[in-house]
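From first to last, the protein sequence lines are chains Y, G, W and X. All letters in the first sequence, in the order written, are residues 16 to 255 by our numbering. All letters in the second sequence, in the order written, are residues 16 to 255 by our numbering. All letters in the third sequence, in the order written, are residues 16 to 255 by our numbering. All letters in the fourth sequence, in the order written, are residues 16 to 255 by our numbering.
If you are wondering where the hints come from, they were derived from the structure by calculation, not from laboratory data. This structure is a prediction, so every number in the text was calculated from the model and none was measured. Accuracy of the hints is not assured; some may be wrong.
Repeated chains share a single entry, so a pair holds when one copy, or any two copies, can fit it.
[Claimed, not checked] With a straight-line Cα cutoff of 27 Å, these simulated DSS-like cross-link-like pairs (lysine-lysine) come out:
(1) 177 - 34
(2) 121 - 177
(3) 29 - 177
(4) 118 - 219
(5) 29 - 219
(6) 118 - 177
(7) 29 - 118
(8) 34 - 118
There are 4 protein chains.
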Amino acid sequence: MIRVTIWNEFRHEKTEPVKSVYPEGMHRAIAAGISADDLDITCVALDDPEQGLPEEILENTDVLLWWGHWAHRELSDELVNRIRQRVLAGMGLIVLHSGHDSKVFKSVLGTSCSLRWRQVGEKERLWVTAPAHPIARNVPRTFALPHEEMYGEPFDIPDDAKIIFMSWFQGGDVFRSGVTFQRGNGKIFYFAPGHETFPTYYDKNILTVIGNAVRWAAPVMIEPKQCIQCQPAENFTKEP
Amino acid sequence: MIRVTIWNEFRHEKTEPVKSVYPEGMHRAIAAGISADDLDITCVALDDPEQGLPEEILENTDVLLWWGHWAHRELSDELVNRIRQRVLAGMGLIVLHSGHDSKVFKSVLGTSCSLRWRQVGEKERLWVTAPAHPIARNVPRTFALPHEEMYGEPFDIPDDAKIIFMSWFQGGDVFRSGVTFQRGNGKIFYFAPGHETFPTYYDKNILTVIGNAVRWAAPVMIEPKQCIQCQPAENFTKEP
Amino acid sequence: MIRVTIWNEFRHEKTEPVKSVYPEGMHRAIAAGISADDLDITCVALDDPEQGLPEEILENTDVLLWWGHWAHRELSDELVNRIRQRVLAGMGLIVLHSGHDSKVFKSVLGTSCSLRWRQVGEKERLWVTAPAHPIARNVPRTFALPHEEMYGEPFDIPDDAKIIFMSWFQGGDVFRSGVTFQRGNGKIFYFAPGHETFPTYYDKNILTVIGNAVRWAAPVMIEPKQCIQCQPAENFTKEP
Amino acid sequence: MIRVTIWNEFRHEKTEPVKSVYPEGMHRAIAAGISADDLDITCVALDDPEQGLPEEILENTDVLLWWGHWAHRELSDELVNRIRQRVLAGMGLIVLHSGHDSKVFKSVLGTSCSLRWRQVGEKERLWVTAPAHPIARNVPRTFALPHEEMYGEPFDIPDDAKIIFMSWFQGGDVFRSGVTFQRGNGKIFYFAPGHETFPTYYDKNILTVIGNAVRWAAPVMIEPKQCIQCQPAENFTKEP
């Protein structure tokens, strides 16, 4: 059983036009869409107690999904640091759409994670670039979303990004729209589609990708990273 | 002075329509286009003696450019191996367009280097993804070629490809169209634009990229790789 | 059930002192050591028909293990090419010890794979550098082999080597002794310990590593790489 | 002229035994050791105004060197963020020894950068793993430091670390002791030797490495990363 926590800012959904698209919030749409017997899913939001991630929830999360936008700066630095430590210890992290600019994503990658954007509802076509990767399982080699926000290159991420998806946009742009990283013991997946005014999180292919990613990002082991240097290392000099 | 050798298959140019576009051959168009005081350029072709690369030319080349297509299989395995050894020793290698399927490129990368393609003369738009890379110097952040062959993902190359350019195609495809690698001591750049029926190698931006790449790929040092293990390594056990 | 084929040159074992250490051959020692219900293991040798890998065996192998040394050059180029195609299609490949210099390994990586060596039977200490990697599961963070051949840096491999193990040698050398790669759809693991005169393939930790690696390298999917470009790609221009 | 700023915590040097080894501070020892006509070097310290890096110094620095240890936590988060932005914009960063645990290094890499250590003054032997890299120019393929602090694997850094040096320690450990990264436009080099009680920064080879690294890390261009997404991107749909 993989313990999945879907964190959503859950502010956009409180007014139109987003309210009509996701009346229960994007987190609950995703939860319903990826629901399965091997997943134990919890939905939390920024305005929940302790910004949705008290110790007992975070420390019992195997894979954390993250959707944020307007309120990136509201997140406490202390919580950002706890999340980063948990990722380095082994928790999987799946960052969605505008989460590229979240403190959480930037704190684990170190780069600005900046990109170019254009919100005109143009067509996006995704391409699988790593067909044998578990995240691409049962996903067509190419598929289109009729309306999405354009996210375009250059995308300021580290060079060890493993590219699983690349996107084409009607307006002339391209983007590494699905990329993985490992940081410490934790696996990270960034997936670009998901603008709040479009029904992207009801799309069958998008949900397949997210479901695959959850299983891929599940921890092999969880072990805090910082204590390793608390004491001097053993000396093998006297060994025969 | 960087010693540059431009190797061209030089078969397409012998009949129309390519003959009209590149009457002297693509190699000579590139040579004229990147000509500069710090470059000592030699043009060779498949039908020259020893397939254009006798020992005395290859061993005096700092950066080798490669354009091939129809005759990939004609290249002798012995020559492919000599070129590979020279790259591993430190020679720069710049592979152009259909050279992705050459024995030379596949032998240094190991993968199939396969891709998808469509030749309908559609528009290609290139994007710089690594703006601070020397190969992108003085190149606009985006620029278009009105007619090019489409090369599309998935592109079967190793994961350490550093992406300098990505391309958008009118017909819906995307491609990592400018990527670098290091193999042994040698630097490698693959650059996708350059279909023989289009005047791509007269384009100012394309020539800037190729000129930059030649200087980037120039050897730091040249040292054969194989002899390193001819004799047992020194043992430091007795050292104080 | 993972279909595993262990290919061994099986020449060293025909004379002393290796004969006494591995009377049935290293391939059979490894097979016995990793034997488990989820593995269907076949042992083959260079002197078997078709150098041990006729079409029906290779095409039914999920993970191929490779130990070779004296006879690297005897392997037919045609077989090397078939193995490389099978790896790119998705077969896992585990290359052991002196297999670093095999045609198979060099053909999938492209580099010389050269290294420094010293055969004095010194102590080797291995360190796990990627503790959350499946190949390191149930392996101590560090362990020693009392006698091994020294393989030392510089090791001429591509930059995308993911380092799972690093080794320390008594005589003063260090080595990336366990590294993974992906090429095409296939996963590759190189593991350095295993000199023929030492009982390395009876060591519990070494066998745990090899068993883990077999499961890690098992294919997600197998699909030949070359046919992808046999026909022009679909054009999406007319799409609404 | 490369504008180099050497930042040193400069606390250890105020008491013995470090005072005797580096009476003017490690920063000044390094500055004297790498002094050259193409370098314009400034030395600053934590206890200088604005922790040594007021705007006018940082914004006029091409390459920043960093040695810190006891007082990592004293560094203001605001300064850490300004340094990180400057690195992403293009400034080179060279992090020395215990700087692995500095806020600056961890903020640009995202990982814990934790390692194992042992301070018994044992011998360290360094190996060049990337002989054609500019940082290894004029450095012997291997050289020893008679006494150093041991820093050992696992070293929690991202997978795109390009390894230039690896170290062997008398007590049985190994370490990736010289590694490069690129983050945004900025080049980063971490170099492990340099414990405060040993005369490491007077060693000719160590100084050659640091001097090479300064020139390698000098910016190709400096351009802030964050503003790129301040406005919507141009739409090329209407283009012919």
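Results for each hint:
no. : hint      : in the structure
1   : 177 - 34  : neither (35 Å within a copy, 41 Å between copies)
2   : 121 - 177 : both (17 Å within a copy, 21 Å between copies)
3   : 29 - 177  : neither (35 Å within a copy, 42 Å between copies)
4   : 118 - 219 : neither (29 Å within a copy, 41 Å between copies)
5   : 29 - 219  : within (25 Å within a copy, 52 Å between copies)
6   : 118 - 177 : both (21 Å within a copy, 26 Å between copies)
7   : 29 - 118  : within (23 Å within a copy, 38 Å between copies)
8   : 34 - 118  : within (25 Å within a copy, 41 Å between copies)
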